[in-house]
Amino acid sequence: MAKIKIRAKVKNGVASVKSLIPHPMETGTRRDADGNLIPAHYIETVVCEHNGEVVMTAHWGPSVSKDPYFAFKLADAKAGDTIRISWTDNLGETAANEAILK
Amino acid sequence: MKTLQRRRVLQALLTVSAVMALPIRALARATDAFSSKSVDNALTNLLGGLAIEESEQIKFKIPDIAENGAVVPVRISTTLEDVDRIYLLIDKNPTPLSAVFEIGPRIMPDVSTRVKIGKSSVARVIVRAGGKAYMTSKEVKVTIGGCGG
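So the sequence lines, in the order shown, correspond to chains U and A.
Residue 27 in the numbering used here sits at position 27 of the first sequence; the count goes up by one each step and never skips.
Residue 76 in the numbering used here sits at position 76 of the second sequence; the count goes up by one each step and never skips.
Don't take each hint at face value.
Stated by the list, open to error - Okay, derived cross-link-like pairs now, DSS-like style, lysine-lysine, Cα gap no bigger than 27 Å in a straight line:
#1 A/Lys61 / A/Lys141
#2 A/Lys119 / A/Lys61
#3 U/Lys18 / A/Lys37
#4 A/Lys37 / A/Lys138
#5 U/Lys73 / A/Lys132
#6 U/Lys66 / A/Lys59
#7 U/Lys3 / U/Lys66
#8 A/Lys59 / U/Lys18
Said to hold, decoys possible - Pairwise CB distance ranges (calculated):
#9 U/Lys78 / A/Val71: 14 to 24 Å
#10 U/Asp67 / A/Pro63: 14 to 24 Å
#11 U/Glu53 / A/Glu67: 18 to 28 Å
#12 A/Gly49 / U/Leu91: 28 to 38 Å
#13 U/Pro39 / A/Lys37: 12 to 22 Å
#14 A/Lys37 / U/Lys102: 40 to 50 Å
#15 A/Glu54 / U/Asp34: 43 to 53 Å
If you are wondering where the hints come from, they were derived from the structure by calculation, not from laboratory data.
We put the CB at the ideal spot given by N, CA and C, even for glycine.
With the hints as constraints, model all of the structure from the sequences given.
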């Protein structure tokens with residue numbers, strides 16, 4: 001899967017983090033052209049870290065849209081800090097990416 | 001050379017403990033709430049018997065009319081203090097609970113994402129703050145459904 005895209009900017013100590021996470025987010029209720037159920041495949045957990053410290057954990061169900069967009073704001077941040085976003089899906093697959101605050 | 005090796009072993013140990021710390025968090029997932037087929041069930045799972053109060057201090061941005069139910073933008077923010085959880089539920093989805101955000105102390109309670117809404121439904125946000133639960137809800141009309149084919 002393609003890499004997570006992260007855009008992270010800081011202003012007056014507050015970081016705005018925007019991310020796009022490539023993932024099919026299959027609900028498990030859709031059928032393919034032959035009428036077979038497409039198995040569920042979705043992100044269950046997203047962990048957001050700031051300089052190695054977990055600042056937020058999100059738990060998602062299959063009703064989060066395909067290729068999820070996820071944005072949040074974080075206090076006490078400065079330029080040069082690292083933001084890391086990682087996910088784990090219901091099949092045990094994982095991915096992570098980092099961005100430096102600008 | 002020895003020091004280097006010791007450093008490597010230490011690093012490996014640190015990595016192992018970091019990896020071991022992760023599943024504990026993942027276990028915190030409210031699996032029963034996510035598989036609940038009704039809002040009431042999901043909320044009981046999430047909040048126990050905690051009373052839910054309507055609040056105007058939660059700002060819930062979601063379109064009144066969603067042309068494409070597969071991609072409905074959502075933004076949730078609140079002026080409530082000591083927020084530690086934000087829950088997002090879509091009443092008429094097969095499993096209403098869409099997302100749970102565990103808000104750390106430095107997260108400004110302001111999160112955005114996009115959700116699927118199968119058919120016109122009430123969407124609700126519950127915020128747990130200072131040991132209490134607050135709610136706001138909105139009606140979303142869907143022209144093209146987001147679940148199924």
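*Structure versus earlier hints - violations, ascending order*: 3, 9 and 11
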